[in-house]
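There are 2 protein chains.
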Amino acid sequence: MRSSVYFYPTLKETPQEAQIVSHRLMLRSGMISQVTAGIYTWLPSGLKVLNKIAQIIRQEQDRAQSLEVLMPTIQPAALWEKSGRYHIYGKEMLRMVDRHEREMLYGPTAEEVITDIFSRFVKSYKDLPKRFYNIQWKFRDEIRPRFGIMRGREFLMKDNYSFDLTVEGAKASYQAMLEAYVRTFARMDLTAIPVRAATGPIGGDLSHEFQILAETGESEIFYDAAYETLDVNTITLERLQTLYAAADELHDPQTCPVPADQLRTARGIEVGHVFYFGTKYSIPLGAYVTGPDGKQVPVEMGSYGIGVSRLVGAIIEAHHDDKGIIWPESVAPFKVGLLNLNIKDKACTEMCEDLYQKLLQAKIETLYDDRDMGIGAKFADMDLIGLPWQIIVGPRSVTTGQCELKNRRTGEKIEISLEDVLKRMCYCG
Amino acid sequence: MRSSVYFYPTLKETPQEAQIVSHRLMLRSGMISQVTAGIYTWLPSGLKVLNKIAQIIRQEQDRAQSLEVLMPTIQPAALWEKSGRYHIYGKEMLRMVDRHEREMLYGPTAEEVITDIFSRFVKSYKDLPKRFYNIQWKFRDEIRPRFGIMRGREFLMKDNYSFDLTVEGAKASYQAMLEAYVRTFARMDLTAIPVRAATGPIGGDLSHEFQILAETGESEIFYDAAYETLDVNTITLERLQTLYAAADELHDPQTCPVPADQLRTARGIEVGHVFYFGTKYSIPLGAYVTGPDGKQVPVEMGSYGIGVSRLVGAIIEAHHDDKGIIWPESVAPFKVGLLNLNIKDKACTEMCEDLYQKLLQAKIETLYDDRDMGIGAKFADMDLIGLPWQIIVGPRSVTTGQCELKNRRTGEKIEISLEDVLKRMCYCG
Chain A
5 MRSSVYFYPT
15 LKETPQEAQI
25 VSHRLMLRSG
35 MISQVTAGIY
45 TWLPSGLKVL
55 NKIAQIIRQE
65 QDRAQSLEVL
75 MPTIQPAALW
85 EKSGRYHIYG
95 KEMLRMVDRH
105 EREMLYGPTA
115 EEVITDIFSR
125 FVKSYKDLPK
135 RFYNIQWKFR
145 DEIRPRFGIM
155 RGREFLMKDN
165 YSFDLTVEGA
175 KASYQAMLEA
185 YVRTFARMDL
195 TAIPVRAATG
205 PIGGDLSHEF
215 QILAETGESE
225 IFYDAAYETL
235 DVNTITLERL
245 QTLYAAADEL
255 HDPQTCPVPA
265 DQLRTARGIE
275 VGHVFYFGTK
285 YSIPLGAYVT
295 GPDGKQVPVE
305 MGSYGIGVSR
315 LVGAIIEAHH
325 DDKGIIWPES
335 VAPFKVGLLN
345 LNIKDKACTE
355 MCEDLYQKLL
365 QAKIETLYDD
375 RDMGIGAKFA
385 DMDLIGLPWQ
395 IIVGPRSVTT
405 GQCELKNRRT
415 GEKIEISLED
425 VLKRMCYCG
Chain B
5 MRSSVYFYPT
15 LKETPQEAQI
25 VSHRLMLRSG
35 MISQVTAGIY
45 TWLPSGLKVL
55 NKIAQIIRQE
65 QDRAQSLEVL
75 MPTIQPAALW
85 EKSGRYHIYG
95 KEMLRMVDRH
105 EREMLYGPTA
115 EEVITDIFSR
125 FVKSYKDLPK
135 RFYNIQWKFR
145 DEIRPRFGIM
155 RGREFLMKDN
165 YSFDLTVEGA
175 KASYQAMLEA
185 YVRTFARMDL
195 TAIPVRAATG
205 PIGGDLSHEF
215 QILAETGESE
225 IFYDAAYETL
235 DVNTITLERL
245 QTLYAAADEL
255 HDPQTCPVPA
265 DQLRTARGIE
275 VGHVFYFGTK
285 YSIPLGAYVT
295 GPDGKQVPVE
305 MGSYGIGVSR
315 LVGAIIEAHH
325 DDKGIIWPES
335 VAPFKVGLLN
345 LNIKDKACTE
355 MCEDLYQKLL
365 QAKIETLYDD
375 RDMGIGAKFA
385 DMDLIGLPWQ
395 IIVGPRSVTT
405 GQCELKNRRT
415 GEKIEISLED
425 VLKRMCYCG
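Chains as they are written, first to last, in my numbering: chain A, 5 to 433; chain B, 5 to 433.
Hints are not guaranteed to be accurate.
For chains that are exact copies, the list does not tell them apart, and a pair is met inside one copy or across any two.
Here are the computed lysine-lysine pairs in the DSBU-like style, where the Cα-Cα straight-line distance is at most 30 Å [stated by the list, open to error]:
#1 86 / 327
#2 127 / 339
#3 327 / 95
#4 327 / 16
#5 130 / 348
#6 367 / 427
#7 362 / 130
#8 367 / 56
#9 16 / 417
#10 16 / 52
#11 175 / 16
#12 339 / 299
#13 86 / 348
#14 175 / 339
#15 86 / 56
#16 127 / 362
#17 382 / 95
#18 417 / 86
It is worth saying that the hints were derived from the structure and are not from the lab.
The shape of chain A in the complex, shown without the other chains:
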């Protein structure tokens, strides 16, 4: 994509309203634009990141034997009356009446809708387990929306719902989702700590919050150092239930079972929440199956959320410096930024155009800064938007055949031939 036709309106100044770094950097790099309090339009580069994050989540949900569906944003109040949540859910629920005076709401979550579908179509234990997820916009009418898309009102969420015959089955689904989450966040270069949590309005018996580590995180967490080397091959539900991790308000140094030299503390940002809640929804919504003995059994359920739009901010909180964003390659809007240092120099521009075409042919996502503006502003913009690699071509490149390759994360710069830089971009990352 050429910068001259793309649309990423960068800002030099920090917008007044932005209190946290991800909000500042998303506004400054032209990823989002506010429509009204807590409601945003995703501009082209922001949307690319959002879609890449959603795609990683989708792949890991599919790998965990889950089927993707898409539930509507607007739900009838009648379903929520069945579950008993309609009057419990407070002012965070956006409510409305339609032209026929029926009460409706913008879904903050979808336990009722999916359980209702399940109850209509699944009749036998032979069809279990079933896990359904969707990636859909949700609305929570926060009293004071802030921090950009980190605490917005309209937000994108992945929500998965599992249906099992037995408690053991439900625990296996819970376990599968924990594994999927560890994989998902690792693919975004995030360290995620599953913290035992209160179940809140979803209800139920067992719940973990996934906190990702970031210096600028919203809350303090305490955890066993073993988490830092946690991998998907060793994690089990049993292990997670014995490994210590606690939010600030629940951590008590007196009773903490982890020796001091093994205890870590860091700032965390909540990006996911998983619940096992048994038959809380299946009984009121009539989700029963015929068991092996021919009797009707209410299914055992869990639900598993990831804040997809929130993750965009969380990744920036975890990956930035004072110049701007440093995107992990898996979610970067483009892999490469190609800087033409003098578009008025014909030979330099021909060289850039040639390299740009070759990068496109090699299917390397490239933002080619072909704008007619000062070098300083170009460098600043490129650091701000945070693409993993910068290829810098100037008039000197025409004589030397060399360009400069900069790694945004490390800041390392090397001189490299144009042929080699192309090869390297094809194989690295």
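Given chain A, put chain B in place with the hints provided.
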């Protein structure tokens, strides 16, 4: 995907409420499930089709130099008060107040939001033309929702908005979008006729509805036979403005300029609508740029919609028979249905498993019907869900090494070796 773990709850009986063939077939093939009047959940196979249609639209929008953004579903009433449409738009607009008593609405379209963004960031004619689109859920509170997702209340729409300095520029954008639409619909095996239309609540000077031909279409249209051979290389705005096409209510045989032997009539379904409306929104919303002479000029705009979810139904209306859906390969949920005629026959099942693995390795989207049920029901289900190709493997295949390959559209069946069927699936379509 294995049928035994997938989720496509097929129905033998036709649901009472479904009056048109696409609604019947979508319910019977388990693509959608109604949540409440005019609001649906997309089940796995329905969502796959919806996403494939969206992806074709996206590719053709990108090719037409448009940038994808994502606007929110909930918009502030204040923006619509600026354009003057808030009080004009009737009961089809779903309105609500948030917890701070601010009036909000679920966007039925997004001229106001995008024009507001444009006005904030684009300041010079040098940045024009700009074309932004998004594929987002919309809501129109239809008084009598019916026909399934063909006239639902929550529906997926692609809406593109063009911004140009001059009327000629705006016409070029309009032209680019007409070309994109012809390409888009052709890729879904649809014949689309752009019919001159009234502009309605969007307003403006020039407008075309895109009608696709289907025997079961909702309205009758009359058109020049030249449309049937229309291709993207010959279509121009001038030609479209001279070529005759009219909806039933506007067609007058007395004044029709097309000779009788050159006039065609058919049933049509509206799937897109394009508008040129000049400065109707740019002036009230302050979308001005500095022109080449240094003066402030309101930008010339157009908007261009495609009913993405509606297209799912429209394609079925155009492509079905009395046994079920006949998906065009470009939008089919799977390319191949593999039928195991006797899963209890060990050798037959091994053969199927082997072929299934090879199809997956070749990245051919395959639904493997590995369910333990009668052959008749399996054949009926496979015809109903309408995958382009059926590979039928039975116990006899074990001795002959041959399977049956059925083309769903033509009904043609051939005996073919298992090696050859794999090769053929890799190269055909």
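Hint check results:
1. With identical chains, the CA atoms of residue 86 and residue 327 are never at most 30 Å apart, being 52 Å at best within one copy and 38 Å at best between copies.
2. Taking the shortest Cα distances, residue 127 and residue 339 sit within 30 Å of each other only across copies (29 Å), while inside one copy they are farther apart (48 Å).
3. Taking CA atoms no more than 30 Å apart as the test, residue 327 paired with residue 95 passes in neither setting, with 39 Å inside one copy and 49 Å between copies.
4. In the homo-oligomer, the alpha carbons of residue 327 and residue 16 lie at most 30 Å apart inside one protomer (11 Å), although the nearest pairing across protomers, at 62 Å, exceeds that limit.
5. Taking the closest pair of Cα atoms, residue 130 and residue 348 come within 30 Å of each other only across two copies (17 Å); inside a single copy the shortest separation is 69 Å, beyond that limit.
6. In this assembly of identical chains, the alpha carbons of residue 367 and residue 427 lie at most 30 Å apart whether taken from the same copy (12 Å) or from different copies (27 Å).
7. For the identical chains of this complex, residue 362 and residue 130 are inter-copy neighbours only, at 28 Å across copies versus 53 Å inside a copy, given an alpha-carbon limit of 30 Å.
8. Within a single copy, residue 367 and residue 56 get their C-alpha atoms as close as 16 Å, and across copies as close as 21 Å, so both meet the 30 Å cut-off.
9. Proximity of residue 16 and residue 417 under a CA criterion of 30 Å is satisfied intra-copy only: 25 Å inside one chain copy versus 66 Å between copies.
10. Only within a single protomer do residue 16 and residue 52 lie at most 30 Å apart by alpha-carbon distance; the minimum there is 22 Å, versus 42 Å between protomers.
11. When the C-alpha separation of residue 175 and residue 16 is checked against a cutoff of 30 Å, the pair qualifies neither within a copy, at 50 Å, nor between copies, at 35 Å.
12. Taking identical chains as interchangeable, the C-alpha atoms of residue 339 and residue 299 are never at most 30 Å apart, the minima being 56 Å within one chain and 39 Å between chains.
13. For a Cα distance limit of 30 Å, the shortest separation of residue 86 from residue 348 qualifies neither inside one copy, at 68 Å, nor across copies, at 43 Å.
14. Proximity of residue 175 and residue 339 under a CA criterion of 30 Å is satisfied in neither setting, with 39 Å inside one chain copy and 35 Å between copies.
15. In this assembly of identical chains, the alpha carbons of residue 86 and residue 56 never lie at most 30 Å apart, being 37 Å within a copy and 35 Å across copies at closest.
16. Within a single copy, residue 127 and residue 362 get their C-alpha atoms no closer than 56 Å, and across copies no closer than 33 Å, so neither meets the 30 Å cut-off.
17. In this assembly of identical chains, residue 382 and residue 95 lie within 30 Å of each other by CA distance neither inside one copy nor across copies; the values are 46 Å within and 49 Å between.
18. For a Cα distance limit of 30 Å, the shortest separation of residue 417 from residue 86 qualifies neither inside one copy, at 62 Å, nor across copies, at 51 Å.
In summary, the structure is inconsistent with hints 1, 3, 11, 12, 13, 14, 15, 16, 17, 18 from the numbered list given earlier, while agreeing with the others.
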